[in-house]
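Q: The residues making up each chain are set out below.
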Amino acid sequence: MTAKTTILNLTDEEFVHPGNRACSGCGLSIIYRTALKALGRDTILVVPPSCLTVLQGLYPVAATQLPSLNVTFASTAAAATGVLGALRAQGREKTTVAAWAGDGGTADIGLQALSGACERGENFIFFCYDNEAYMNTGVQRSGTTPQHVLTTTTPISGKPQKKKDVPAIMAAHGLDYIATASAAYPIDLYDKTIKAKTFTGPRYLHIHTPCPAGWGFLPQMTVKIGRLAVETGLFDLYEIENGRFRLTGQSAKMLGKKRLPVGDYFKTQSRFKALTDAHIEEIQQDVDRKWNAYENNDSPR
Amino acid sequence: MEKKTPFAERKSHSEPGPGDGGRTGSWRVLRPIIDPEKCIPAKTNKKACFACWLYCPDGVITKTLLPAIDYEYCKGCGICAEECPSGAITMVEETLLIMEEEK
Chain A
17 MTAKTTILNL TDEEFVHPGN RACSGCGLSI IYRTALKALG RDTILVVPPS
67 CLTVLQGLYP VAATQLPSLN VTFASTAAAA TGVLGALRAQ GREKTTVAAW
117 AGDGGTADIG LQALSGACER GENFIFFCYD NEAYMNTGVQ RSGTTPQHVL
167 TTTTPISGKP QKKKDVPAIM AAHGLDYIAT ASAAYPIDLY DKTIKAKTFT
217 GPRYLHIHTP CPAGWGFLPQ MTVKIGRLAV ETGLFDLYEI ENGRFRLTGQ
267 SAKMLGKKRL PVGDYFKTQS RFKALTDAHI EEIQQDVDRK WNAYENNDSP
317 R
Chain B
28 MEKKTPFAER KSHSEPGPGD GGRTGSWRVL RPIIDPEKCI PAKTNKKACF
78 ACWLYCPDGV ITKTLLPAID YEYCKGCGIC AEECPSGAIT MVEETLLIME
128 EEK
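Going line by line, the protein sequences match chains A and B.
If you're matching positions, the first sequence starts at 17 in our numbering and goes up one per residue.
If you're matching positions, the second sequence starts at 28 in our numbering and goes up one per residue.
Quick caveat, the hints were computed from the structure, so don't treat them as lab data.
Using N, Cα and C, we set each Cβ at its ideal position, and we do this for glycine too.
Just so you know, not all the hints are guaranteed correct.
Restraint ranges, calculated between C-beta atoms of paired labels, are given here [what the hints assert, rightly or not]:
(1) B:Pro112 <-> A:Thr153: 49 to 57 Å
(2) B:Glu120 <-> A:Gly154: 36 to 44 Å
(3) B:Val56 <-> A:Ala309: 39 to 47 Å
(4) A:Ala290 <-> B:Ser113: 36 to 44 Å
(5) A:Leu271 <-> B:Ser113: 25 to 33 Å
(6) B:Glu120 <-> A:Glu30: 22 to 30 Å
(7) A:Gln266 <-> B:Lys65: 20 to 28 Å
(8) A:Leu271 <-> B:Asp62: 34 to 42 Å
(9) A:Ser131 <-> B:Lys65: 26 to 34 Å
(10) B:Ile60 <-> A:His189: 48 to 56 Å
(11) B:Glu120 <-> A:Gln266: 28 to 36 Å
Excised from the complex, chain A in its bound form:
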């Protein structure tokens, strides 16, 4: 391994132009900027309709400096397979193909294509930035929206169902590298992207991405809220490397220590207004159970 990545040795070469259409305080902008630094110039992006399409820019100006193919919602991983086929025909097998989809494009609409491509063992990196709803169309519930969260399609008592655990679904495909990351820890994301590049075959990264407009918090709090989700134990940073599960970064540091109560996280956002004390107690017990399993080295996956 090379030297540890820090803010100081992280490249200041930018791959995303400023003045794009992303909202003020967008969590996606932070992770996109950072992960592209890790992916490098020799990369082709495949992007379905999502907030990222908005960020990437409308015709004729693009905010991204890398070649990027905009495809239909359900076909991200299938289109990435096609790009890989074209590169193979041209003998350009060193070029990285990275698919970037939102949680809707991954967990709901794009799941079938993704599952198929992973089963075939296509050589791409799939990034899912999870902002926990369909943000770009106006905050509709998605498969990864947490339970009891208010969205425009669950406006009164919140979403009744629980959040879909997509990294676990991907782990069940037996991928060589799966990792979770957060917009609040860009260096961790950078390292995981660099690591993902060293593997071949399908690789999956799931990134927790706070959204000021959709979650109901002030734009300056994006990073603080992302950090709070990790520090309360609600979202865990981990990687599954050749089937071996390992907590990383801040989550690894929290093993055996007292976590912040989950209520601290829920207080910060207006989308959790429908939560009752009983709900919070129930979620706290779920989180405690999950972390007990981590601490007893008994992976919940």
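With chain A fixed as given, assemble chain B onto it according to the hints.
A: Then chain B, alone, in the frame of chain A:
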């Protein structure tokens, strides 16, 4: 007769460039201002910290000893002020600054 472009070449293709959303600096309500007395790399004259550069969603802050902000495109989210460990960045009401500049 006009020559027809082959179907494969008929595609919408964007060229990279800044400002596809216009001058996003005009979205700003609060303007971040860096105090060189408090900013760690400016104060110590050493490459250090740069938390504002790392967390800026739009990449409009430079990684220089006194970080510079591109106000043309800074959307004024305030993440830099929130994340600055030494409290060197203050968010100032944009309208007051504009009124002062126009004087």
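Q: Note whether the CB distance of Val56 (chain B) and Ala309 (chain A) lies within 39 to 47 Å or breaks it.
A: Between Val56 (chain B) and Ala309 (chain A), where Cβ atoms are some 45 Å apart, the hint holds.
Q: Could one say that the CB atoms of Glu120 (chain B) and Gln266 (chain A) fall in the range 28 to 36 Å?
A: holds (35 Å)
Q: Given a hint of 25 to 33 Å, does the C-beta separation of Leu271 (chain A) and Ser113 (chain B) actually sit inside it?
A: holds (31 Å)
Q: Holds or violated: the 49 to 57 Å window for the beta-carbon distance between Pro112 (chain B) and Thr153 (chain A)?
A: Taking Cβ atoms as reference, Pro112 (chain B) and Thr153 (chain A) lie about 37 Å apart, which means the hint is violated.
Q: Is the gap between the beta carbons of Ala290 (chain A) and Ser113 (chain B) within 36 to 44 Å?
A: The hint (36 to 44 Å, Cβ to Cβ) holds, given that Ala290 (chain A) and Ser113 (chain B) are roughly 39 Å apart.
Q: Glu120 (chain B) and Gly154 (chain A), beta-carbon distance inside 36 to 44 Å?
A: Since the Cβ atoms of Glu120 (chain B) and Gly154 (chain A) sit about 30 Å apart, the hinted range of 36 to 44 Å is violated.
Q: Given a hinted range of 34 to 42 Å, is it respected by the beta-carbon distance of Leu271 (chain A) and Asp62 (chain B)?
A: holds (39 Å)
Q: Given the hint of 26 to 34 Å, check if Ser131 (chain A) and Lys65 (chain B) actually sit that far apart at their C-beta atoms.
A: violated (51 Å)
Q: At the C-beta level, are Glu120 (chain B) and Glu30 (chain A) separated by a distance inside 22 to 30 Å?
A: holds (29 Å)
Q: Does the Cβ-Cβ separation between Ile60 (chain B) and His189 (chain A) fall within 48 to 56 Å?
A: holds (50 Å)
Q: Determine whether the Cβ-Cβ distance between Gln266 (chain A) and Lys65 (chain B) falls within the hinted range of 20 to 28 Å.
A: holds (27 Å)
Hint violations for this structure: numbers 1, 2 and 9, all remaining hints satisfied.
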